[in-house]
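Undergrad: Numbering follows this note's numbering, with no gaps: position 85 of the sequence shown is 90.
Relax, there's no trap hidden among the hints.
Derived DEER-like restraints, expressed as beta-carbon distance ranges:
| id | residue 1 | residue 2 | range |
| --- | --- | --- | --- |
| 1 | Thr132 | Gln101 | 30 to 38 Å |
| 2 | Val94 | Leu126 | 16 to 24 Å |
| 3 | Phe11 | Val94 | 12 to 20 Å |
| 4 | Gly115 | Ala7 | 21 to 29 Å |
| 5 | Leu151 | Pro97 | 27 to 35 Å |
| 6 | Leu136 | Arg16 | 28 to 36 Å |
By construction, these hints were calculated from the structure, which means they are not laboratory data. As the structure is a prediction and not an experimental result, all values here were calculated from the model. Note that beta-carbon positions come from the ideal geometry of N, C-alpha and C, so glycine has one too.
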Amino acid sequence: MATPEFIRRIRATAGRQLLFLPGVSGVVLDDQDRVLLDRRADNGQWSIIGGIPEPGEQPAEALVREVYEETAVEAVAERVLATDCLRPVTYPNGDQCQFMDICFQLRAVGGRARVNDDESLEVGWFTPDDLPPLQEWARERIRLALTPGPTRFVGMPDATRP
6 MATPEFIRRI RATAGRQLLF LPGVSGVVLD DQDRVLLDRR ADNGQWSIIG GIPEPGEQPA
66 EALVREVYEE TAVEAVAERV LATDCLRPVT YPNGDQCQFM DICFQLRAVG GRARVNDDES
126 LEVGWFTPDD LPPLQEWARE RIRLALTPGP TRFVGMPDAT RP
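Given only the sequences and the hints, what does the whole structure look like? Please build it.
TA: Here it is, written out as structure tokens:
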């Protein structure tokens, strides 16, 4: 993922130490309930779309922007799927980050899926039964998007259980 300018300014004084940052991710579905995925340039892995909101940017707006920037697909946010404090990540350059992620379900409303920036190697639509290898957290978000229900607050007891 390209590093936003505001984080570059923080890194200039903070160095590579762990930064706790906002993050957004999303499961984009088309009218056939296929899932939009990108194969990331930074690690070569397939994933749902995600990014970092700019200061003052609303989370859903940030994700809609990220989806378009990375895939050329126009989308609208439909609901929040999950909130989660992700595990710390160390990037190849040594920068350390931990993201407080808000994951959305989005519906594609226009555009044509293609690599639209240097953050993706490939972009494509996949049926839920034919997904490429994904990390388990991404598979869980896809399951949540395909199952109606309330927002999942990771780490909290399930309020629907007796």
